Amino acid sequence: MGGRTVSAAHVEMSVNLGGIALRNPVLTASGTFGYGAEFAPFFDLTRIGGIVAKSITLEPRQGNQPPRIAETAAGMLNAIGLENVGVDAFIAEKIPALAEGVVVVASVFETEIDRYAEVCKRLAGVPRVAGIEINASCPHVKSGGIEFGQRAEVLAQLVRTTRRATPAPLLVKLSPNVTDIREMARVCEAEGADGLSMINTLQALDVDIATRRPVLRNGLGGLSGPAIRPVALRMVWQASQAVRIPVCGIGGIMNAEDAIKFLICGATAVQVGTANYLNPLAALEVAEGIEAYVRENGLARVSDLVGTLEVPTR
Amino acid sequence: MNAPAALPLRVDAAVLENRSEGGANYRLRLGIAGWPGAAPGHFVMLSPGTRGAALRFDPLLPRPMAVYRTLAGAASPEIEVLYKATGRGTNLLAEARVGDFVRVVGPLGVPFALPQAGRPALLVGGGTGIASLYELAARASVLGPVVVMLGARNAADLMGCDDFAALGVELRIATEDGSRGHRGRVTELLEVALAADRGDEAIYACGPTPMMRRAAEIAAARGRCCQVSLENHMACGFGVCLGCAVPRADGKIALVCRDGPVFDADQVAWAGVP
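Those protein sequence lines, which keep their order, are chains A and B. At the far end of the first sequence sits residue 314, using this note's numbering, and the numbering has no gaps. At the far end of the second sequence sits residue 1274, using this note's numbering, and the numbering has no gaps.
Hint data in this document are derived by calculation from the structure and do not stem from the laboratory. Because the structure is a prediction, the values reported are computed rather than measured. Even glycine gets a Cβ: it sits at the ideal position worked out from N, Cα and C. Among the clues, some could well be false.
To be verified - So the derived label-pair ranges between C-beta atoms look like this:
#1 241/A to 1085/B: 54 to 60 Å
#2 1143/B to 19/A: 55 to 61 Å
#3 40/A to 1037/B: 19 to 25 Å
What the hints assert, rightly or not - Stretch by stretch, here's where chain A covers chain B in the computed footprint (C-beta under 8 Å, at least three residues):
#4 1007–1014
#5 1097–1103
#6 1227–1235
#7 1246–1260
To be verified - Which stretches of chain A does chain B cover? Using the computed rule of at least three CB atoms under 8 Å from a CB of chain B, they are:
#8 29–36
#9 297–308
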């Protein structure tokens, strides 16, 4: 039968994300997947495109006092702080714990640009690191705590410096807490970034009316989950039209349907984030669901979907 | 010292029973093919309102619940969970009907360390915290004498008394309004029990944070430690969201899901526990 012929046909699921070869377009978002080994009991990590590990700093950091998370309408707030094992333990302990064939993107964040560059240098030549994602949502100490990604000239300097520090494929994870995401996307492209990951969490606040205090110890937190997905889709669509480097779509992806929307809006690949918490098989199910959609729609390759949003003209 | 959890599953479990035990207290029984069993103190993450693939995203996060007990089951292994319908997630869970599905991730966490053979065990439970103690009472009762002290606001709020009694353990009850058993707090029963201190009882507590803190103080006053099972908000239950942090006595941070939920009470910086 014709349908069977289509379903048996090979579909090409591999994509190239700014020099990072992925067997399929699904990665896991930094901070939502630990260092990967935590998910090994649930599925074979070589069945997804790759993992973006928890952001690492130069030194190990302990993070914020609790409460660190809170549930919100169709979403959650978090202010974990900088808790991580540090770059040296990441290289020595966390990467070797992953099975051969798992594609690992290291995520880097710091409080000063020179420290970002130093972390990138230490990652240079680590054979298992397929690429580096610069987390630009960290507060910049010298700018009074504003996120690196919130000021174009600071972001430009960050990308320029880290670009010089590493020959590895360099993704920049953009902060959504800006007036015009297209400007930030163009800055990254101009400074030599190989791709954009977007979006990080939206700055947010929730309040306990009994105590009249913020629900998080830190005060502000980052909003994630399905609540932010339409915002993320809008930004991915805008940025992907503004630059030629590939975009990796992130923001409230719960299932394959959500991920396909990002591809249609111009994302070359996606990252599954908060969904990993409530469903440790989420990334695998997203990858399988995208492949089924590609097959059912008679496409030869997943990349045929990318940037196919049709906007009716008046 | 403690055995690690069996490899956790993620599975949509069939609701076999979900009934009110009076007031807001509920008993949920789930059939889980391939359930590896749980050690005393293990917990599961439950996503209320899950029906097959149609996951609900508001409320977004699963709820951590102690595995009350594992049953052989007619068709597949079953687990029971005791909970109180008090918020959005647990109210939704209370709506689950027989034949619905609830998403389960587990078993998770570091379980209780069992008492040494021949040593008596004192178990103190308050509210739904008693759910963490049933399997412990069952296994400890094979090793030595067990006294279980259960507390609640009033008699109607007590859960599981018949189950514990059926284990053949010594059961002591406290209610704050005196409607059943000792009038007062369950930790007062612990004080009485320790007044006749043999010096070698293993002490366990699970319940509201102030109750566990008090139990820890009573134990510490006699130079003893007690194991407690902490509760906290958590998004994942297996050590990645880092949301369930609690401060440790040594100034470091522990995750309730990965480093606990069972802790030695003297390792916990109680002032910082939510």
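Here's how the hints hold up against the structure:
1. Against the hinted window of 54 to 60 Å, the Cβ-Cβ separation of residue 241/A and residue 1085/B comes to about 48 Å, which falls outside the hint.
2. Checked against the given bound of 55 to 61 Å, the beta carbons of residue 1143/B and residue 19/A, roughly 60 Å apart, stay inside it.
3. Evaluation of the 19 to 25 Å hint for residue 40/A and residue 1037/B yields a pass: the beta carbon distance comes to about 21 Å.
4. Closer than 8 Å: that is the beta-carbon criterion, and the stretch 1007–1014 of chain B has 3 residues meeting it against chain A, so the requirement of 3 holds.
5. With a threshold of 8 Å between beta carbons, the proposed coverage of the stretch 1097–1103 of chain B by chain A is violated, since 1 of its residues qualify and at least three are required.
6. Restraint check on the stretch 1227–1235 of chain B versus chain A: 4 residues with Cβ-Cβ distances below 8 Å, three needed, restraint holds.
7. Here the stretch 1246–1260 of chain B counts 4 residues with a CB under 8 Å from a CB of chain A, which clears the bar of 3, and the coverage holds.
8. Against chain B, the stretch 29–36 of chain A contributes 3 residues with a C-beta closer than 8 Å to a partner C-beta. That satisfies the three-residue criterion, and the hint holds.
9. Only residues whose beta carbon comes within less than 8 Å of a beta carbon in chain B count, and the stretch 297–308 of chain A has 0; fewer than three means the coverage is violated.
Figure legend: structure checked against the earlier numbered hints; hints not met, in rising order: 1, 5 and 9.
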